[in-house]
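K.L.:
With the sequences and hints as input, model every part of the structure.
This is what each chain is made of:
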Amino acid sequence: MQFFSGAAAAETSPAPTAPPGTAQGLGGSGGAGNMLYVFNRGGVCLLYREWNRPLRTLDANQDQKLMFGLLFSLRSFTAKMDPTSVEKVNLGAPLLPGEGCSFHCFRTNTYKLNFMETPSGIKIILVTNPKTGDLRESLRYIYNIFVEYVVKNPLYVPGTTIKCELFNTNLDKYVKTLI
Amino acid sequence: MAAIYSLFIINKSGGLIFYKDYGSSGRMDTNDSLRLASLWHSMHAISQQLSPTVGCNGIELLQADSFDLHCFQSLTGTKFFVVCEPGTQHMEPLLKIIYELYTDYVLKNPFYEMEMPIRCELFDLNLSQAILKDRVSLLGR
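Respectively, the protein sequence lines represent chains A and B. Residue numbers for the first sequence follow the UniProt record's numbering, so the first one is 1 and each next one is one higher. Residue numbers for the second sequence follow the UniProt record's numbering, so the first one is 1 and each next one is one higher.
It is worth saying that the hints were derived from the structure and are not from the lab. All of these numbers come straight from a predicted model, not from anything done at the bench. Quick reminder that beta carbons are idealized off the backbone N, C-alpha and C, glycines included. Among the hints, erroneous ones may be present.
[Unchecked claim] Where chain B lies over chain A, by a calculated footprint (3+ residues, C-beta under 8 Å):
#	region
1	53-60
2	66-73
3	84-92
4	97-108
[As the list claims (entries may be wrong)] Far from chain A by the CB rule (all over 12 Å, computed), these chain B residues:
#	residue
5	12
6	13
7	93
8	100
9	105
10	106
11	107
12	110
13	113
14	114
15	117
16	119
17	122
18	126
19	127
20	135
P.N.:
In structure tokens:
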């Protein structure tokens, strides 16, 4: 995984410009996003937001735990599977953010899960329509919104559930433009 | 040039019944390949539970930093997956071909016991031909 340079966050303040590949100006043709999870390093779900989810098999808490478990296992799976490296850690050994081979998305017939882990261990998961393209830039943009409206919010206590109205409105506005 | 790194076949209860390496760096020992196979089986099942809509059949494509993983599940629950270079095309048809070879040379073999590791010479032979053919046509593309 590549860590981002400091410049990317600095140039986009306080309202970052949206990356290409979004439906800005096309007027309501977007809305490919289903739900979004943000986890911290310890596996606490800082934010869960959904826009389109007709099917719920579990209650919210169990669902978030299952999602974090899946990501954790997938991370160890990809780190072990990595066919390009010779030195590999044991399967299931704890991995630092950015250590070993990570993954950025997986696709099933009904949804696509996009994943990003920041150097500080924040995990952003965006579930979208399976037909969406590469959303790595979009996740970085969402991370920028997160930094601007949550991390820089003096009332926000790190490690607690996010209750920042500005963050939610900006996030909703952005996810509505995804195609 | 190795477009395909490895091939796994998992039976319906998550046991590895076939594994072949086509040139990944760093050897994977037998225990690790068994663990990875059963781990994939459970993650495939969990991904179905997390679907926002009905009718999810599990992960079809996993895009990691250094490889792509294409998975195909047959109606009976046997899973086939190939690990290949990022961005390799036409892996779904290849998986279908491998499934066809499996039905022809493994399932129709009277000495093969269901859900047990595959040890069929004809399957090995035809599989390596199919992979080779895919590699040749890949060079032509």
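K.L.:
For every hint, state whether the structure bears it out.
P.N.:
Now the hints, each set against the structure:
1. 53-60: It holds, with 5 qualifying residues against the three required.
2. 66-73: holds (count 5)
3. 84-92: holds (count 6)
4. 97-108: As far as the region 97-108 of chain A goes, the hint holds, because 8 residues have Cβ atoms under 8 Å from chain B.
5. 12: holds, 18 Å
6. 13: The claim stands: residue 13 (chain B) keeps its Cβ more than 12 Å from every Cβ of chain A (closest is about 18 Å).
7. 93: Given that every Cβ of chain A is farther than 12 Å from that of residue 93 (chain B), nearest at about 17 Å, it holds.
8. 100: Label holds. Min Cβ-Cβ 21 Å, cutoff 12 Å.
9. 105: holds, 26 Å
10. 106: The assertion about residue 106 (chain B) holds, with a minimum of 24 Å to chain A.
11. 107: holds, 25 Å
12. 110: holds, 35 Å
13. 113: Holds, because the least Cβ-Cβ distance between residue 113 (chain B) and chain A comes to about 28 Å, which exceeds 12 Å.
14. 114: holds, 27 Å
15. 117: The claim stands: residue 117 (chain B) keeps its Cβ more than 12 Å from every Cβ of chain A (closest is about 20 Å).
16. 119: holds, 24 Å
17. 122: holds, 27 Å
18. 126: Check passes; 24 Å lies beyond 12 Å.
19. 127: holds, 19 Å
20. 135: holds, 16 Å
The earlier numbered hints are all upheld by this structure, with none contradicted.
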